[in-house]
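Asker: Protein chains in written order, with the working numbering: chain A, 1 to 162; chain B, 1 to 184; chain C, 1 to 115.
Derived from the structure by calculation, the hints contain no laboratory data. Hints should not be assumed to be uniformly reliable.
What the hints assert, rightly or not - Computed Cβ-Cβ distance ranges for the label pairs, DEER-style:
{"no.": "1", "chain 1": "A", "residue 1": "V96", "chain 2": "B", "residue 2": "L89", "range": "50 to 58 Å"}
{"no.": "2", "chain 1": "A", "residue 1": "T13", "chain 2": "B", "residue 2": "V100", "range": "56 to 64 Å"}
{"no.": "3", "chain 1": "B", "residue 1": "T99", "chain 2": "C", "residue 2": "E109", "range": "24 to 32 Å"}
{"no.": "4", "chain 1": "B", "residue 1": "T159", "chain 2": "A", "residue 2": "T13", "range": "34 to 42 Å"}
{"no.": "5", "chain 1": "B", "residue 1": "A90", "chain 2": "C", "residue 2": "A4", "range": "19 to 27 Å"}
{"no.": "6", "chain 1": "B", "residue 1": "F112", "chain 2": "A", "residue 2": "P68", "range": "30 to 38 Å"}
As the list claims (entries may be wrong) - Quick look at which bits of chain B chain C covers, simulated, 3 or more residues with Cβ under 8 Å:
{"no.": "7", "region": "18-24"}
{"no.": "8", "region": "29-36"}
{"no.": "9", "region": "50-60"}
{"no.": "10", "region": "103-112"}
{"no.": "11", "region": "141-147"}
{"no.": "12", "region": "154-161"}
Beta carbons are placed, not taken as given, at the ideal position from N, Cα and C, and that holds for glycine.
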Amino acid sequence: MAAEGGMSLVVKTVTRWLKGLIFLFGMYIMIYGHLTPGGGFAGGVICASAFILITLAYGAPEAYRHLPRGAAEKLDSFGALTFLIIALLGLWFAGVFFRNFIGTSPESHFRLTSAGVIVPCNLAIGLKVLSSLFLVFVMLSALHIIVSGEGRRRIERRRHTP
Amino acid sequence: MIVELTAGLILLMIAGALVAIETRNLLSAVVSVGAVGYLLSVAFLFLGAPDIAITQIVVEILCLVILIRATISRDLTSISGDRELIGLLASLALLLVVTVVVILTAAYFPEFGAAVMDRVAGAPSRTYLLDGLEKTGAANSVTAVLLDFRAYDTLGEATVLFCSILGALTVLRRRARKKPEEDA
Amino acid sequence: MIYALCLVLVGIGLYGVLAKKNVVKIVIGLMIMEYGIHLLLILIGYRRNGAFPIMQPGQDPGAYASVAVDPLPQALVLTSIVISLGVLALLVALCLRLYEKYGTFDISEMRRLRG
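Next up, chain A with everything else stripped away, as it sits in the complex (with noise of 0.2 Å):
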């Protein structure tokens, strides 16, 4: 099917329809991650492995396609910073660091609202544990590549000299 290689045309056409849904679900459980199991990092993981999989099943081009390096080496950071903004926030309007300056009120327990700061925390979190298992992951599925065709080329040499 596509030039890249990859898998046979049945993984790549599952990988099609359940892309979408995992990184739905994945955010899901970030977002809700205050009322239900789960938070920022079972969200960012699974998220990350919605892109893993068009990485396994079309190889590293359309995985970049998805999501640009660049992008994610800025949404790694943004995560990051967020993180630390939001808790120097907390220092600026509450006075203590990583204070929850929103609040709570016993009216908006157990709703979307009810807990201020933690889900922008969650999302902050999640994007970051996202961004850099994708980085990491394509790297090293690319180095992969450099390293056997290189090993095996070096194994060939010692065999088969004549």
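Assemble the complex: chain A is given as a structure, and chains B and C must be docked to it using the hints.
Answerer: Chains B and C only, in chain A's frame:
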């Protein structure tokens, strides 16, 4: 009942770990360690930790994919045997020391099922459970601890993750940049 | 004694780290040690017949605090799991670079090649 169940799961995990350490084929070792991780996830689920179970199962998938990507189609000629005699003796001596320390410490472990907050008056966990919803608005107490009561831990953890990912990217990138100079 | 079984798991991992020649086997041993430590921490935080630490709507905080398991070890283990994933990525990157340099995963072979 939960004790027997958990003990059975841990026995299965020990079997998987022994296979993972002792098998000669690298691919089956990686698959066995994946089995150990999934059993650990099931154990977390029975021990009342759905947060950890979700995270563990997802992280295990990622670990497995990274390890298989890294090790498959390398030289699968099995590297058998142990290290040289002195190293083996040193490791056995260290294992012996660790075992003795564990046996000596075992008397101080609490009884299974007796949580810290039941034994110690004024334990912080009781405060987290009692005031978590009122103070943070998060119904999930683990998230409340993670992002409100102990957010410094999370900040440090994000820093460690950032540093390790940065280190991995640096280790992988330097090679590619150095390559043309070596050829020249 | 259920804690001892966890420590057996840690011991198996330690044996793998100390006595194996293959670099990937050493990484696997480290992973097994981490599993044992995580399980030990969660077991220490478990409360007999405990419920998971998520409050249901309409539940009284006092009643909730008397049934739920300890959330503090769970939060710390969650942190530790993610850190172990980062460490694994770093270790695998180092393993690949060693393979690139020496063409083998065997550490005694690497020592011999170095001279």
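Asker: If a hint holds in the structure, say so; if it does not, say that too.
Answerer: Status of each hint after checking the structure:
1. V96/A to L89/B: 50 to 58 Å: holds, 54 Å
2. T13/A to V100/B: 56 to 64 Å: At 58 Å between Cβs, range holds.
3. T99/B to E109/C: 24 to 32 Å: holds, 31 Å
4. T159/B to T13/A: 34 to 42 Å: holds, 41 Å
5. A90/B to A4/C: 19 to 27 Å: The hint (19 to 27 Å, Cβ to Cβ) holds, given that A90/B and A4/C are roughly 24 Å apart.
6. F112/B to P68/A: 30 to 38 Å: For F112/B and P68/A the Cβ distance comes to about 51 Å; the hint is violated.
7. 18-24: Since 3 is at least three, the answer is holds.
8. 29-36: holds (count 4)
9. 50-60: holds (count 6)
10. 103-112: That given contact holds, which follows from 4 residues of the region 103-112 of chain B lying within Cβ reach (below 8 Å) of chain C.
11. 141-147: holds (count 5)
12. 154-161: Since 4 is at least three, the answer is holds.
In the structure shown, a violation is registered for the earlier hint numbered 6 alone.
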